[in-house]
Every structure is written in structure tokens, then in C-alpha cells.
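Please work from the sequences and hints to get the whole structure.
What follows is the residue order along each chain.
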Amino acid sequence: MTRSVSFLLLGLLALSAALALPLVSDSRFLTLFLTQLAVMVTFAMSYNVLLGQTGLLSFGHAVYFGGGVFAALYLITAIGGGALALPLEFIPLGGALAGLAMAAVLGLVSVRRAGTTFAMISLGMAELITAAAMVFPSVFGGEQGVSTDRMVDVTLTGLGYGRPSEIYLLVLVWALVSVALMVFLSRSPLGRMANAVRDNPQRVEFLGYDPYWIRFLQFCIAGTFAGLAGSLFALTFEIANAEVFGLRTSANVLIATYLGGITYVLGPVVGAFVVLLLELNLARITDAWLFYYGLLFLAIILFAPRGLTGILAELPGALRRHGAAGCLRRALVWGPAVLSGLVGGVMLVELSYHLSNSFDPSDPLRLFWRDVDATNWGVWALALGACALSAALVLRARRGGRRPEVVVTPLVEEGS
Amino acid sequence: MMTASGPALSIRDLHKDFGAAQIIRGISLDVREGSFHAVIGPNGAGKSTFFNLISGRFAPTSGKILLGDTQISGMRPYRINRLGLSRSFQITNIFNEMSVFENIRCALMWPGRAGYCFWRRASGYRRIGAEAERLIEEIGLSARAGEKAGNLSYAEQRALEVGMTIAGDARVLLFDEPTAGMNHNEVEQFSGFLRKVAVGRTVMMVEHDMNVVFSLADRVSVLVYGQIIATGTPEEIRQDPAVREAYLGAEA
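Protein sequences, first through last, are from chains A and B. Position 91 (the first sequence) corresponds to 1045 in the working numbering; numbering is contiguous. Position 125 (the second sequence) corresponds to 108 in the working numbering; numbering is contiguous.
Don't read these hints as lab results, they were simulated from the structure. Just so you know, these numbers come straight off a predicted model, no measurement behind them. Cβ coordinates follow ideal geometry from the N, Cα and C atoms, glycine included. Hints are not guaranteed to be accurate.
Unchecked claim - Quick partial rundown of chain B residues pointing at chain A, CB under 8 Å, derived from the structure:
no., residue
1, Arg70
2, Asn76
3, Met81
4, Phe84
5, Glu85
6, Trp93
7, Gly98
Stated by the list, open to error - Which stretches of chain B does chain A cover? Using the computed rule of at least three CB atoms under 8 Å from a CB of chain A, they are:
no., stretch
8, 58 to 66
9, 102 to 116
The structure is reproduced here in C-alpha cells:
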């Protein structure tokens, strides 16, 4: 209880910092980053209404996001053209309604069963909607997509929303409202029973509740906020094509949510932050960024199923159990092993990418702040050496640390 | 307080087939209002299937089940539950990732009229919260109220299972081997608890431990190969030659 409250406070603190940042600095990159973060956080939180809260693994959440995107694009154009007298600030309500409508229709058939059946149906829906959207270029704009201009005359605040910092404010306010609402909903009777359905749908049936109806309502909530997130996306970028419906978008939100930690209400916030950071920064540094992204995802699934938030949340417990000295010793034993493994691994990946992808493999490759020649066997030997060193260190650390507590630290967290 | 009205539960010519296998072969039984009715029988007699039919987990192949005056055979479990029939499971069936308090609270949500409400906080339902705390105390888990249900000991999980079953105000309770897997002391303690719980309600129980059956039940039915071969007071059942032959024979 107190832990979730402190998480909430921490989140609010971070968000108020986010509010202040673009006012202090006028870096366009930062503003755009934070705007996208607000969109992604809303989207990932809505996804976790399904995955973390209700136990529904969806591969098609982008469908409802995309619905919100296109609804908003058309609504903005309608306002701009004078056909609609709605202030621009209320566009996200339109996106939310579009998401809700789609979820209400598609949910009827989707949530009959959980588990694999639901996952497969969501995948089919996503493919169906994407394909259908491609077939109607007059509505979804085909390859080049649909675009709009958010600088309309009808606004509530008098802001023009032409500047990135202005649209950021609008997006942030809606994202905050959405996150607060979703946290609230997770604590309602419906939210609590959704957790029960996640853990054991059969037992819920013997407590007077229909699991189908609980799943359906949660599905509608998730669709509503996904649609809202989509409209925030539309307000930010003013353009989209039918690809937003696709698996790429759905996979992205799944990965962000899982990375953050599905068992924590605000886990998706952390996940969205990390994914966006990787997407925007790692891609500038290396061509192999998707590879690393995938590796990170795998590592989280294998070693920290409660996600990055879980790691953060379990740190105080680990400190208490092993004491500061114990933790330091552990870090000294495992640190070099992990570090040399990372260095060796990154070198191997970068060298291989360079060899196979560059026009002239003997062109110098910038690797760890130095220019190296990927055709020179010496660098390869160095990389393999680092990997071998890491393997040796891991073996030694495991032999040295064969106490039961070392092996089982991760999942079972006692106390509080 | 017994009333002269009809039986709490009445079963007429109930059949259940799984493919070619006839598991329940024509059960007719009245369970009196306010009675503690045990169902005994050898392994594979169909006791659990019988309970699954009454509670709606399976739909019967044919036959009728009446809860009071309402025909419930073939209804979905949640509808039957809303009509006032609650059951426990032989294999512990709880919400592992949630706390003891939340487990009990979930069981009280529907009876407490929280329904599918999403516009209020669950903690705002004071009566449900207070009742959950009272019930947790009654099942002896107050010290563990904040613990994740999955982390409880086996006996504690059994207590939680029964706690979830008696939460709310179901008139008819079905216990499927409530003492399964317990040691002697635990069984003794637990039967005292069950006796307390049963006051003012109608209870049906499947149980293997004959001490528990004969100390708690005022009516006993013997189920053998999908049919009830005898129903009566514990004393009558003990004396019944057919029962002795078919079931108690080796032990008695």
C-alpha cells in the first residue's frame, strides 16, 4: 500500500518536472521527446489495463490507438475547415470515443476466452484492420497517409498550438488526466475484480461475477484510453498512415509495458520512458539498435519478470537483506563479469554489422570512442577475449556464491 | 431455526454423461433447510461431479435441480451464486497474486452490491471492508491479512478458501472435501469452525474423514457409482447393511 503511494508520488514528481522542463530549456528535441513520452505513457498504461490488470495478452492494441489517430485527424481538419465548432483542446475526447466504439464492437467477440484464444483473436483483428485500412486509401490515405493542420481558430485557451511547447502542454494535461483516471479505475470494484479474473477466472464465476463481462468492460476502458493516446499522437504529428494499425505499433506497446513491469500500476510509465529513450538515442548511435532492444527485452523476460520497476522496487529489500557491504561485494563480483560481457558482445555485434552492411568493410568503424578496422583480426580477438573473460568471471562468481539466497533472490519478495 | 417450508435444495433424476461414460446415473435427493448434509462414497463415485452439477460448473445431461423454488440446472455458476448458493473447492482455488484481504473482499463484492461499478473506489465501500476484516478474524488470518494468498501455508489457504465460500450471505453452502490434506489437529480445529459456520444455513459437504462426517452431519447420503444407495441420519447409515457392504464394509 505505502509502496504504491510512494510510487505514485515519485511519478507525480517526475511529471511535474516534465511540465517545467520545456519552459526552462527551449530545446526542440527535449520538447518533442517529452511530448512523445506523454503519448507513449498513455498508450502503454492503457495496454496494461489489459495485460497487467486483467491478464489479457493482446497483439492488436494498435487497432484502437489507430482508431483514435484517424478520428482525431479528421476532427482537426473539420474544425479547421469550420465544419465543427469544437475547441481543439477537446479533440482527445473524440479519439477516446472512437477507441471506445471500436473496442465495444470488437471486444464482444474477442474476450470470450482469455489466454491463447484471446491472443490469437487480437492478432487476427490487427491484421484484418490493417489490411482493410490499406484497401481504403480514400479514407486512410494509402502510403502517404492523412495529414491535417492543428493550427485552427477554435481553441479554448487562446493558444495557437503551432509551437511544440504549446502542443506539449495540451498533450501533457490529457496524459496526466488519463493516467490519473486509469489509476483510479484500477482501484474500483471493477478493477479489483479484473485482478481476480487475471488470477483465476473460474473462481470469479463462483463469486457472482461473469468473467466475460469484466473482461469486456476492461477491454472497453483499454480501448478508450488507447484511442485517446492515438488522438494525442495525431495532435503531435498531424499525419499518419494505415501502418499505425499494424503489428509494429502493437509490439512496441507490448514491449514497453513489459519492460516497465506489468505488475505495477505505474510500471508502463517507466517502460515507455526507456523504450522512447532507446528509440530516439540508440538509433542515432548504432544501426544495430533493434538488436539490442530485442536483447534487453529477452533479458527482462528471463531475469526480471517484474520489469525495470520490479528491479527498482526490490533494491531496498536486497539492501536490507544483504546489508550495504554484502551488496557491494556482490556488485564487485558480478560487475566485472557483466561489464566485460557487454563490451565483448557489443564489439562482436558492431563488427559483424559493419562487415556485412558497410560498402567497404575496411572503412574505419567508430567503436568505443576509437576508430577500428573491422577486417583486422586483432579487434576480433579482443572482442572474443572480452567474452571469454566474462564467461570465466561468471563461472567463478557462481562457484563462489553458491548460497541459496544468491540463486533465488529475484522473484519472491517478502515483507511490507 | 428450521422452517416447515420445502427443501433448500432438491434434485430430481439427475444424469451426467461424459461421452459414453455415465458418471451420475439418476440422483434424486432433498436437502432440508438448515440441515448439515454429508455426501460420502468411495473414490470415483461421482461426488465431485455431483457438486459441479449443482454449482453450475457442468450442465447436467438430464434432470432437475431446484434451489428453493428456482430451477437452476444448466445455469451459469455466477447466476446460481447470486441466487444464494456458494461452494468451496477440493483443490484450493484462490487468487494467488492478491492479498488475503483482497481475496475475501472480492468474495464480498457481489453480495455487498458493488457490482461492476468503476466510478467509485473499492475502499469506499465501508461495509464490505469491515465485513472482510471481521471474516478474516473469524477464519484466524488477521495476522496474515496483507500477505499474498500464494505465500500462505496449505492450512491457511484452506481456511481462506472456506472464508471466501462463506463470505456474503449464501443460504446454501457446498464444501468439497474441506479437510483434504490436513493433519489430525488441523482437522479437529477445522470441524469446530465448520460447525460454527453452518449455523442458520444449509450445508452440503463431501468428506472422506468419517470422524468429521459423523460429528458434523445430521444427514448422510451414500453415493456409489453415480447413484445414491442410502440417505439417513448418521446412525441409520452406520446400521444400513447395503452401505456396510458397499462402502463401510472393509473399515467398520
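How the hints compare with the structure:
1. Arg70: holds (6 Å)
2. Asn76: With a closest approach of 5 Å, the B/Asn76 hint holds.
3. Met81: Status holds, d = 6 Å.
4. Phe84: With Cβ-Cβ at 10 Å, over 8 Å, it is violated.
5. Glu85: Result: holds, 7 Å to nearest chain A Cβ.
6. Trp93: holds (3 Å)
7. Gly98: At about 7 Å, which falls below the 8 Å cut-off, the nearest Cβ of chain A leaves the hint on B/Gly98 intact, so it holds.
8. 58 to 66: With 5 residues close enough to chain A, the hint holds.
9. 102 to 116: Result for this restraint: holds, n = 6.
The structure shown violates just one earlier hint, number 4.
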